[in-house]
Each structure stands twice: as structure tokens, then as C-alpha cells.
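One letter stands for each residue in the lines below.
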Amino acid sequence: MTPKSANVGVVIVSHSPLVAQGAADMVRQMVGDCVPLAWSGGNAEGGLGTHAAGILAAIEEAWSDAGVAVFVDLGGAETNSEMAIEMLGEPRSGRVIICDAPLVEGAVMAAAEASGGAALARVVATAEELSP
Amino acid sequence: MPSNAALIGGLIDVCREAIAANADHLSELDRAIGDGDHGTNMRRGCEAVYAERSRLAGLPLPKAVEEIGLTLVMSVGGAAGPLYGTLLIEIGRQMAGLSEQAEFPRAFERAIGAVARRGRAQAGDKTLLDVLYPVHAEVVRRAGLAGIAEEAERAASLTFGMKAMRGRASFLGDRSIGHIDPGAKSCALLTAAICRFLEEQCLA
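For the record, the sequence lines run as chains V and U. Numbering-wise, the first sequence is residues 116 to 247 according to the numbering used here. Numbering-wise, the second sequence is residues 18 to 221 according to the numbering used here.
Quick caveat, the hints were computed from the structure, so don't treat them as lab data. Be aware that a few hints might be false.
A short, non-exhaustive set of chain V residues, derived as facing chain U with CB atoms under 10 Å [to be verified]: (1) Asn158; (2) Ala167; (3) Gly169; (4) Thr194; (5) Glu197; (6) Pro217; (7) Val219; (8) Glu220.
Selected chain U positions facing chain V (in silico; Cβ < 7 Å) [as the list claims (entries may be wrong)]: (9) Val90; (10) Met91; (11) Ala96.
The beta carbon of each residue, even a glycine, is placed where N, CA and C say it ideally should be.
Produce the entire structure from the sequences given, and follow the hints as far as they go.
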């Protein structure tokens, strides 16, 4: 196992490709390469929206045996993320959690926690502390 | 009744046609209370299913329905992809376990339940569930195909007076009242197209 995959992965899902990529860039700059990270933004045609196939690909890309924390913006992003997680199939689907946290702040906090080798539950809890 | 392949192929065709003919109208409804892309998204999904038509037509019906659902999930996007996808995937899986056709209403009910859980929505929230539940009720009471189609259209029009509780439209609060829900409308269009097709096949 490479050192990279030992840490919890982070996936960012937004209706906007620019928002998703921008948030991912921000995470990358703050925590470096030690956290598996991927994003999915926009619909299948590259317009605004979300789609399960893209999210599934992002989860695969950021996959870590330690688990993956997913950050979403609006409703459809959450529904499509749930669908993508189910499509991963057991047992991997059980190791992916959609965080109830703000997209940008949540992803940064989660990645910072993950970079220290924290377990998935700890990473998710840290991000969710940001929610009122 | 038509052969299995003709049935599957025919259903794919009539659903694609119904969405293509109404895609602009669906997007217009969605512009009022959502993202404005419901028609475009549904058309993309139907085209993706159509592209797989010959392969799907070669499958047993339950498997074909499940795979159509998976194709919709991967191609429609938005919230409609997972919702319609969940509906068809579950109908297909439930149908696979049926020992006789009379058990279909129960399979349909379970699939609708899966959609409600997926969207965390219930009756009256101004979603496609507000068409699915009445359609199910008609199926249970063994209404004719024409009656089911009519009820679907009526149910969709009733979402006009509802306040959206889920999805993008819910952000509008009271301002969502006075618009037909685009998901309910597409659901009614598809139901009507399917009923018309089945009626023609039974009469043929």
C-alpha cells in the first residue's frame, strides 16, 4: 500500500465544475498530496448539475481502504452521491460517508484531519462540527 | 400480447417519443421552480436508453427494466436520474421475484417506497411521488389503462397548488405554489405513453 492510500480520501461534489475544482485546488494547496482527493462537478454534458457516473468515478479516484468522505453542495448532489455510493457495492459502499458540512470548509477540515492519519469517523466528525 | 423483445423495444420507443415531444415544456416548467433542465436531462436519459435498445430488448423484462434504470442513473443526472433510476431498478428487482403477475401492485408499491426514501419525500411534497401514489392506487383497484393514464395527468395537475418541500423548488417556499412540478409532469407523460402503448398492444 502506498502512503497516499493509507489516509481517508476526500471527494468534492458541486453542481458547478468550477466550484468543485476550486475547492479541490484549495484543499490540495493546504494539505499537499498526502490525502487522496477527487472532485465531480457538472452534469454529463459539462453544464451545471451533478451526475452519479461522475461522482462514482471521483470516488474510485480518491479511493482509500480507510474510507472516503464526500462533500456536496445542493440536494441533487446528495441524491446522486447516495446513488453513486450504492453503485460502488458492498463492502466498499459502507466505507464512504456523505458529510453534513459546508462544502469548502468541510473539505478543508476533513482533509487536514485525514492528512494526520485519522480514521473515517474522526474525519467526518471534524467536518460536521462546522454545521450548526 | 407482443413478444418480450417487441414489448421492451416498444416501451423504450414510446417513452422516448413522449419525452422528446415535451422536453421543451418540461424544461419550461422547471425554469419556473427549479434548474430549468428537466426536459434536457430526461431527453438525454431516453436517448441513452434508446442507444441500448437492441441489447435491452434481448433481456427478460425484469432485467431490462432494472438495466434501463441503471442507464437513467448514469445519464440523466440532477435529482431525476437517481429518482427515476431507483424506481425502475427496484421495479425490475421486485418483478424478478414475482411468482405471478397479480403480485405486481405490491412490487410497484415497494419500488415507490424506495423512491420516497431516496428523495426523503412523501405525498404532497410536490414531487413525482404525487403522481406515482395515485397511479399505484389505480393499479391496485384494477382501473383500465385509459383510466390510469387519465389519473396520472390529473394527479400531475394537482401539484399546481402544492408547496414544494423537497429539491430546489423548496427554496422558493410559497412561491413554488402555482406551478406544476416538472417531475410530476414527466411522470404523468411517461405513464400515459406506457398505458397508451399497452392498450394498443392488448387490442392488437
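Hint check:
| no. | hint | result |
| --- | --- | --- |
| 1 | Asn158 | 4 Å, holds |
| 2 | Ala167 | 5 Å, holds |
| 3 | Gly169 | 8 Å, holds |
| 4 | Thr194 | 5 Å, holds |
| 5 | Glu197 | 7 Å, holds |
| 6 | Pro217 | 17 Å, violated |
| 7 | Val219 | 20 Å, violated |
| 8 | Glu220 | 21 Å, violated |
| 9 | Val90 | 5 Å, holds |
| 10 | Met91 | 4 Å, holds |
| 11 | Ala96 | 4 Å, holds |
The structure shown violates the earlier hints numbered 6, 7 and 8.
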